[in-house]
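> Sequence lines, in order, name chains A and B.
Mapping of the first sequence onto numbering that gives the first Met the number 0: position 609 corresponds to residue 608, and the numbering continues sequentially without gaps.
Mapping of the second sequence onto numbering that gives the first Met the number 0: position 213 corresponds to residue 212, and the numbering continues sequentially without gaps.
Hints were generated in silico from the structure; no laboratory data involved.
It is possible that part of the hints are untrue.
Stated by the list, open to error - Cut-off 30 Å, straight-line C-alpha distance, at most; resulting in silico cross-link-like pairs (DSS-like, lysine-lysine):
| no. | chain 1 | residue 1 | chain 2 | residue 2 |
| --- | --- | --- | --- | --- |
| 1 | B | 236 | A | 256 |
| 2 | B | 236 | B | 149 |
| 3 | A | 40 | A | 638 |
| 4 | A | 179 | B | 353 |
| 5 | A | 208 | A | 256 |
| 6 | A | 256 | A | 638 |
Said to hold, decoys possible - Derived coverage of chain B by chain A (criterion: at least 3 residues anywhere in the stretch with Cβ under 8 Å from a Cβ of chain A; other residues may be distant):
| no. | segment |
| --- | --- |
| 7 | 149-158 |
| 8 | 187-196 |
| 9 | 217-224 |
| 10 | 266-276 |
| 11 | 285-297 |
| 12 | 301-315 |
Quantities reported herein were computed from a predicted structural model and do not represent experimental measurements.
C-beta: ideal position from N, C-alpha, C; glycine also.
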Amino acid sequence: MSGIAGKPAEHTQEALKGIRDTGLEEVRLRTFLAPAWRTPKGLYGWLVTVDHKLIGRRYIVTAFLFLILAGLSALAMRFQLAQPEAGHIGPDLYNQLFTMHGTTMMFLFAVPVMEAFAIYLVPLMIGTRNVAFPRLNAFSYWVYLSGGLMIWIAFAFETGADAGWFSYVPLAGPEYGIGKRPDFWAQMVTYTEVSALAVAVEIIATVFKQRAPGMSLDRIPLYVWSVLVTAFVILFAMPAVMVSSTMLILDRLVGTKFFDPAAGGDALLWQHLFWFFGHPEVYIIFIPATGFVSAILPTFVRRPVFGYLGIVLSLIAIGFLSFGLWVHHMFATGLPQLGESFFTASSMMIAIPSGIQIFCWIATIWGGRPIFATPMLFVLGFIFTFVIGGLTGVMVASVPIDLQVHDTYFVVAHFHYVLVGGAVFPLLGAVYYWFPKITGRMLSERLGRWNFWLVFLGFNLTFFPMHILGLQGMPRRVYTYPPASGWGEMNLFISLSSLVVFAGFALFFLNLLLSLRNGRIAGDNPWGASTLEWATTSPPPSYDFSRLPVVTHREPLWAEPDVLPVVEGLRVDAREVLAGTVADAVPQVRVPSADNSIWPLLSAIAVGGAFFGSIYTPWAVVWGAIPVSIGFICWFWPKGEPEDEE
Amino acid sequence: MARCMSLLASSRMLTRPRMSLAFTCPTQILTGIVPGKAAQQCLRWVSAAPMLVLAGCGDRQSALHAHGANARRILDLIWSFSAVAGATWLLVMLVLAAALLRRRLSETTRSPLEIDSHQERRFAQAVGSAMALTVLALVMMTTASFFAGKSIASLSGTETLAVRITGHQWWWEVRYPGDDRSQSIVTANEIHVPVGEPVEVELDSLDVIHSFWVPNLAGKRDLIPGRPSQLTLIADKPGTYRGQCAEFCGYQHAHMAITVIAESREAFEAWQSRQNAVASAPGGEEERRGQQAFLSTGCALCHTIRGTPASGTVGPDLTHLASRRALAADTLAMTPGALAAWIADPQSIKPGAKMPRIALSADDLNAVVTYLGSLE
């Protein structure tokens with residue numbers, strides 16, 4: 000071990016290779032690091048970069064663009080539903096709209112945006128310079144982008160998926176699926192799952208191996224814990240949906256009969272496979288959101304989160320339990336009573352770890368002194384709405400109740416409370432909280448407050464009445480309803496309220512655009528927060544930290560308010576990060592970190608081309624394998640660089 | 000189990016009057032029928048609420064107006080869960096409000112890491128107790144849910160009548176199996192049941208997945224191709240109950256409704272014997288011409304009219320079409336005008352429906368409408 004924290008004098012092995020940072024003064028250090036970690040200027044740089052901040056930022060921006068598309072499709076649906084038997088949007092377009100809304104929100108917005116924040120924040124929060132496998136990171140973004148573009152371009156050409164975000168067979172199968180619509184859906188799933196799996200692998204490796212010296216397991220920030228648990232959930236859940244979407248493609252393209260009951264297949268199999276992924280999916284979105292809350296809350300109540308251990312254990316428990324609930328999406332298919340009861344019990348059980356987190360946060364507020372800045376408002380809005388969503392979740396976990404409310408607007412209300420209240424509110428809070436770090440400028444607090452109240456009130460006015468509408472018997476996914484149903488007035492009210500939500504989001508984007516140019520300069524740590532990302536400049540340099548920090552406390556910047564202890568001994572003329580032990584983060588080796596490369600992009604294009612082609616012909620898999628192989632071979636071509644060094 | 004049910008019943012008694020104000024007819028609240036001025040007027044409105052319920056929401060498709068044992072047990076469960084959920088939410092919000100607004104000593108210079116260990120212990124106790132309460136509530140709710148499910152399941156096996164329903168895109172085929180072919184009934188989108196008797200509904204689908212749901216009477220059950228299933232319905236009082244497909248099934252999922260008509264045993268049997276008969280022969284010149292047009296223009300390829308050569312099985316059986324209350328799975332009311340409009344241009348009324356537009360002269364169209372209108 001050379002020149003590790005606390006032993007700055009020990010640089011005897013220095014002569015080994017390259018220039019080390021030991022003893023270099025700050026200014027000179029930066030003149031070495033900047034070229035080593037630099038991303039070239041211009042379009043080429045944009046295409047080859049492997050900087051986690053640039054990739055994370057473009058991931059975030061792309062995800063929010065998809066949010067806008069999905070939000071506009073929701074608005075179009077509310078326009079159609081405002082009156083009974085309205086003729087603005089016919090069934091063909093409406094079915095595409097609700098499918099694209101759900102698909103985009105889940106696959107192209109919610110999961111990617113949570114991953115995007117993890118890509119941006121994790122290296123900064125654990126004190127390293129890039130994610131593990133930086134090129135895989137670049138590759139994952141390109142694959143995600145091409146999947147998203149593909150399904151929306153298909154929609155523009157009237158080939159939008161229209162069998163629901165769950166694409167139940169036989170409706171999406173070879174016999175009843177319309178044209179190529181379900182194929183585009185299925186392949187888009189494959190794209191986004193490939194990218195999600197890639198990110199999950201990076202996050203796990205980064206968190207396990209690249210934490211700053213001294214950041215033992217019990218000093219990992221709660222947000223990082225949450226994305227770590229999420230990454231494991233992704234790792235085990237996503238393969239189920241990739242397998243099922245591939246089986247669907249095979250059924251449609253080459254006539255396999257996985258889901259065809261007439262040929263010995265099973266239509267119900269699809270539902271099991273889909274929901275085995277689909278339920279954990281909700282937690283893939285929700286767990287990182289609780290991480291945002293655990294990161295924002297201590298800063299704005301000026302004390303550490305109460306019950307660190309309890310929250311970590313709750314996160315892990317939620318991760319495990321999320322795999323035991325999928326059948327509660329299928330109660331109406333008819334299961335033996337014992338099986339139903341098991342899934343009722345497991346569905347209710349997940350309320351326990353979720354409850355622990357809520358109780359710990361309230362205790363944290365109790366013990367602190369709250370400051371009502373915009374991120375904090377969103378956290379409070381989150382608790383208000385998420386508790387409602389959680390409680391209605393307990394209701395739908397009951398088999399008999401579910402048999403009445405399943406596939407009605409009650410469930411629409413329930414999961415929007417969980418996903419918007421539970422995940423999007425903390426996400427907006429996170430944008431207000433970390434925008435200064437990402438851009439160097441503060442968002443406007445004034446617009447922020449308007450933004451919060453419009454979204455918060457608009458959301459509750461839009462979605463709370465849907466509980467009642469569902470109990471009154473209005474099913475989901477209907478493009479219209481009869482005047483005699485008596486649902487007309489409430490639907491009109493809901494549609495009008497959705498305009499308030501729309502206004503709130505418009506304000507949000509306006510705030511982003513205005514503050515990007517004119518926002519107050521933030522400084523390194525505008526909120527006086529405690530975690531490592533606030534120890535570097537805003538925005539952070541390409542190398543994140545000029546010297547990697549050493550962690551001595553769970554809240555490093557509060558424990559060492561003046562100067563953080565740092566590590567010395569890393570090379571400055573080449574990209575290098577420090578890898579340590581999993582449990583105690585004792586540094587073991589210096590690992591070279593991959594340089595910029597065009598091959599992730601070219602490989603993603605090759606992979607995307609093969610996926611796209613396989614919508615039309617199975618031969619695309621055969622011929623597509625050639626460019627894919629070339630891309631990967633060039634990407635991994637050994638360059639005779641030194642191996643890891645002790 | 001009996002004790003548990005009585006517990007549920009009592010909680011229902013407690014919560015229902017309040018809940019019915021909040022939930023039953025919220026459209027009135029939203030549209031501002033509430034006279035806003037005085038508490039007195041409010042009170043009058045409150046006392047009038049049950050009448051509004053009867054007048055306004057009566058037999059509308061709704062899980063909140065249970066008219067069968069199955070739906071009633073679920074509604075009880077919904078109210079008790081809502082009460083627990085509401086109380087829990089209120090409690091959490093009160094504690095949160097207290098945590099935010101409680102008075103604090105003005106020690107502004109305190110470092111964020113100075114933690115009061117005494118307070119931490121109290122927090123641990125508070126979180127622990129809240130946890131224990133959560134577990135207790137969840138165990139109670141799971142138990143209540145289990146027994147409600149069991150009591151619903153116990154309805155099956157007591158049925159006096161079976162109805163076989165097959166889901167199609169986008170209509171319901173209804174069969175009453177009889178001892179022999181001549182006694183079986185085939186109709187569509189309308190089920191008649193004797194009031195107060197448990198009816199076994201056998202469900203199957205020949206195309207995609209549908210879900211049979213008549214919320215006033217029972218919870219839903221999916222129709223999955225290749226997996227027949229069943230459901231027990233009881234209607235407590237005579238009436239017409241609307242149901243609707245609850246599993247997304249394509250273009251016209253929105254227009255796939257079914258009507259359950261509960262009537263006295265005598266009325267039911269009279270209906271049954273009428274439905275058993277073959278179609279009446281055309282009575283006049285116009286009806287004869289209508290039948291000719293029906294048989295010669297392709298209608299008969301998809302539809303059956305028992306007693307005539309028409310024996311298609313793609314679309315609904317029309318033998319007693321005019322006895323039904325609605326057309327095209329409750330898309331239109333059964334009137335001669337609606338029938339004419341439907342035959343003339345089904346695609347603009349129910350876009351995507353499998354019924355094509357058939358070119359008929361105006362006279363033929365009128366004749367077909369007259370003929371079909373005579374099939375009572």
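> Hints first: check each against the structure and report whether it holds.
Going down the list of hints, with the structure as the test:
no.: 1; hint: B:236 to A:256; in the structure: violated (46 Å)
no.: 2; hint: B:236 to B:149; in the structure: holds (24 Å)
no.: 3; hint: A:40 to A:638; in the structure: holds (24 Å)
no.: 4; hint: A:179 to B:353; in the structure: holds (20 Å)
no.: 5; hint: A:208 to A:256; in the structure: violated (44 Å)
no.: 6; hint: A:256 to A:638; in the structure: violated (47 Å)
no.: 7; hint: 149-158; in the structure: holds (count 3)
no.: 8; hint: 187-196; in the structure: violated (count 0)
no.: 9; hint: 217-224; in the structure: holds (count 7)
no.: 10; hint: 266-276; in the structure: violated (count 0)
no.: 11; hint: 285-297; in the structure: violated (count 0)
no.: 12; hint: 301-315; in the structure: violated (count 0)
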